[in-house]
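All chains should be modelled from the sequences, with the hints used to inform the complete structure.
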Amino acid sequence: MKALLVGEYRDGKLLNSTYELIGFARQQGIDFELFLVGSHAQLPEVDAKIYLADVATAKEYNPALHKQLILTAAQKSGADTLVLLHSSYGWDLAPRLALALEAAQISEVVEVTADGYLLPACNAKLRRTVKAATAQTVITLQAGAFMAADPAGSPEVEELAVSGTGNTEFVGYEQAEAGDVDLAKADVIVSAGRGIGKPENIPMIEALAKALGGEYGASRPVVDAGWAPHDRQVGTTGQVVSPKLYVACGISGAIQHLAGMKKSEFILAINTDKDAPIGEVADVLVVADVKQFAPALTAKLGG
Amino acid sequence: MKILVCIKQVPDMESRFKVNGAGTWYEESDLAWRINEYDEFAVEQAVQLKEQLGDADLTVLSIGPARVKESLKKALAMGADRAVQLVDDRAYDKDPFQIASAIAAFAKQQEFDFIFTGMQSQDRGSGQVGVLVGELLGIPALTTAVGFEYAEGTVTLRRELEGGQRAVVKAKAPLLVSCQLGLNTPRYPTLPNIMKAKKKELLEIPLAKLLTTAARLTTLKLAYPEKKGSAQILEGDIGELVDKVIGILKEKTAVL
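Residue numbers (the working numbering), protein chains in the order written: chain A, 1 to 303; chain B, 1001 to 1256.
Hints are not guaranteed to be accurate.
What the hints assert, rightly or not - Derived DSS-like pairs: lysine-lysine, alpha-carbon spacing no greater than 25 Å straight-line:
1) A:Lys274 x B:Lys1221
2) B:Lys1018 x A:Lys274
3) B:Lys1252 x A:Lys274
4) A:Lys59 x B:Lys1170
5) B:Lys1172 x A:Lys59
6) B:Lys1250 x A:Lys300
7) A:Lys131 x B:Lys1221
8) A:Lys263 x B:Lys1244
9) B:Lys1252 x A:Lys300
10) A:Lys67 x B:Lys1172
11) B:Lys1252 x A:Lys262
12) B:Lys1244 x A:Lys210
13) B:Lys1108 x A:Lys67
14) B:Lys1244 x A:Lys300
15) B:Lys1172 x A:Lys244
16) B:Lys1050 x B:Lys1199
17) A:Lys185 x B:Lys1252
18) A:Lys210 x B:Lys1252
19) B:Lys1250 x A:Lys274
20) B:Lys1244 x A:Lys291
21) B:Lys1250 x A:Lys244
22) B:Lys1170 x A:Lys67
23) B:Lys1170 x A:Lys13
24) B:Lys1073 x B:Lys1200
25) B:Lys1200 x A:Lys185
26) A:Lys262 x B:Lys1250
27) A:Lys244 x B:Lys1244
28) A:Lys210 x B:Lys1250
29) B:Lys1094 x A:Lys131
30) B:Lys1094 x A:Lys291
31) A:Lys263 x B:Lys1250
32) B:Lys1252 x A:Lys263
33) A:Lys244 x A:Lys291
34) B:Lys1018 x A:Lys131
35) A:Lys262 x B:Lys1244
36) B:Lys1094 x B:Lys1108
37) B:Lys1244 x A:Lys274
Said to hold, decoys possible - FRET-style restraints, in silico, Cβ to Cβ:
38) B:Ile1194 x A:Gly179: 30 to 40 Å
39) B:Lys1244 x A:Gly197: 18 to 28 Å
40) B:Glu1014 x A:Ala135: 32 to 42 Å
Calculated from the structure, these hints are not laboratory results. Note that the Cβ used here is the ideal one computed from N, Cα and C, for glycine as well.
Structure (structure tokens):
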């Protein structure tokens, strides 16, 4: 088995997630080389070969062009497995690579077992084991599922010539507007999920947060529905937090939410569904309707 | 202009899933079915674009058994003009490559200017079908849309990245867009529109007619995860639960 790891680079910087790919390859004991659209100034620290395409010409987002460059690197390296992160960069590119290689694509791997790859199913409630029926495989790894390797070493660089334009124009980046709260600084976060039922129940969550001396947060569906502002969103597309106490109110535990809060010191979940995936990371799961439990807890705390 | 939106029907994710006899998928009986959440945003965006263009024709497509007609009818009530069901009772056995191949085979005959999909399904979450359809048709495929604008042949899209960042990208139609949650606010069908939808065309095509590719992926097993978490489960009377929780927080955390 030989792997080509597709590193990530954004806004002029190598992304740390690249080290998760290296960590995965080492954990699996696979020979690997890397590919990166990036720059000499921002190379991963690793003793391995890296195929480097200059970001000045290839741009940070240009799927058609990046696909061709990765295919060139894959051919040079003789890799049978292409490994990307299951990220906005990886899930965009992986199907294109798989199609070009006539390879199976395996999305969001959380574990490798003797039988095959383990993937989440049904909002992470279930696990699916899959196997490729093809000689080559393209896999994407769930963010945070594999321990990142420590940066050490210096890569041997082979530059790839960039030619062609692709069919997509990358204009630039926008940052979500900064709000009035920095959840990363809060010791206690009480977050609202869809289980709170309606936007009128946000004050109920806010009251519990206040009674516990913290801030209130929200899951993605709650923010998408406009019940809470974006700066309150916990998860990979919002803020990644690790407070002393995290209280998940009516949050089932979608992967992207769990990735944003599972490092909290103590996690209390309130959910009507005993099997909700939030139970995987919670220290205590209270099986109850949050609309009854939260006000009762707030009252008892004297809030 | 011709628009296609592809939707999948999935079970309500709050359901209690039972693994089927073969141990490879979930039992389909006793589940409540609905349009995949991501696809609702795709339908809404397609309808908004149709409204913007004026004279566009919007087709909604789904793959599956008879039950998917309910989801197709909802999309018709939201504003699609016609529906196509690629009929297959064992769609869950097909891998993303096969599903995409069948959709691309259908779309190739129709020459759509815009194709919308959700960025992934809630049950399988592979996030492959949309991109594959675009690649098979040789048109730009833009993923993870949280913003969509169309003017004079060009789409300006906002792609959601990690950590609250977005990338602004542009491409020319024909193209495919995969939609992320929060792209828009999916409308609720009104009663008059539900009535009108009943009269709209719903074409059935056997999936086998369009499917010529073999699966590249095999599902060996579907199961509940081994309980890695050691969550203490508390059940019972609300008042007692509150007292227990306060006790635990005092003992295990420094916040009380």
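How the hints compare with the structure:
1. A:Lys274 x B:Lys1221: Between Lys274 of chain A and Lys1221 of chain B the Cα gap is close to 23 Å, so the pair holds against 25 Å.
2. B:Lys1018 x A:Lys274: holds (15 Å)
3. B:Lys1252 x A:Lys274: The given pair, whose Cα atoms are some 22 Å apart, holds under the 25 Å limit.
4. A:Lys59 x B:Lys1170: holds (14 Å)
5. B:Lys1172 x A:Lys59: holds (18 Å)
6. B:Lys1250 x A:Lys300: holds (13 Å)
7. A:Lys131 x B:Lys1221: holds (10 Å)
8. A:Lys263 x B:Lys1244: With Cα atoms ~24 Å apart, Lys263 of chain A and Lys1244 of chain B stay inside 25 Å; holds.
9. B:Lys1252 x A:Lys300: Cα-Cα ~18 Å, so holds.
10. A:Lys67 x B:Lys1172: holds (19 Å)
11. B:Lys1252 x A:Lys262: Holds, at roughly 17 Å.
12. B:Lys1244 x A:Lys210: holds (20 Å)
13. B:Lys1108 x A:Lys67: holds (23 Å)
14. B:Lys1244 x A:Lys300: holds (12 Å)
15. B:Lys1172 x A:Lys244: violated (49 Å)
16. B:Lys1050 x B:Lys1199: Holds, at roughly 19 Å.
17. A:Lys185 x B:Lys1252: holds (21 Å)
18. A:Lys210 x B:Lys1252: holds (20 Å)
19. B:Lys1250 x A:Lys274: With a Cα-Cα distance of about 24 Å, the restraint between Lys1250 of chain B and Lys274 of chain A holds, given a limit of 25 Å.
20. B:Lys1244 x A:Lys291: holds (18 Å)
21. B:Lys1250 x A:Lys244: holds (12 Å)
22. B:Lys1170 x A:Lys67: OK: Lys1170 of chain B and Lys67 of chain A at ~18 Å, within 25 Å.
23. B:Lys1170 x A:Lys13: Roughly 23 Å separates the two Cα atoms, so the pair holds.
24. B:Lys1073 x B:Lys1200: Satisfied, since the Cα-Cα distance of roughly 9 Å is no more than 25 Å.
25. B:Lys1200 x A:Lys185: violated (54 Å)
26. A:Lys262 x B:Lys1250: Satisfied, since the Cα-Cα distance of roughly 21 Å is no more than 25 Å.
27. A:Lys244 x B:Lys1244: The hint holds at about 19 Å.
28. A:Lys210 x B:Lys1250: Judged against 25 Å, a Cα distance of about 17 Å means the pair holds.
29. B:Lys1094 x A:Lys131: Holds, because 14 Å separates the two Cα atoms, which is no more than 25 Å.
30. B:Lys1094 x A:Lys291: This hinted pair is violated, its Cα atoms lying about 41 Å apart.
31. A:Lys263 x B:Lys1250: Holds, at roughly 20 Å.
32. B:Lys1252 x A:Lys263: holds (16 Å)
33. A:Lys244 x A:Lys291: holds (23 Å)
34. B:Lys1018 x A:Lys131: holds (22 Å)
35. A:Lys262 x B:Lys1244: Holds, at roughly 23 Å.
36. B:Lys1094 x B:Lys1108: holds (20 Å)
37. B:Lys1244 x A:Lys274: Satisfied, since the Cα-Cα distance of roughly 18 Å is no more than 25 Å.
38. B:Ile1194 x A:Gly179: 30 to 40 Å: holds (39 Å)
39. B:Lys1244 x A:Gly197: 18 to 28 Å: Holds - the Cβ-Cβ distance for Lys1244 of chain B and Gly197 of chain A, about 24 Å, lies within 18 to 28 Å.
40. B:Glu1014 x A:Ala135: 32 to 42 Å: The hint (32 to 42 Å, Cβ to Cβ) holds, given that Glu1014 of chain B and Ala135 of chain A are roughly 40 Å apart.
The structure fails hints 15, 25, 30 (numbered hints given earlier, in ascending order).
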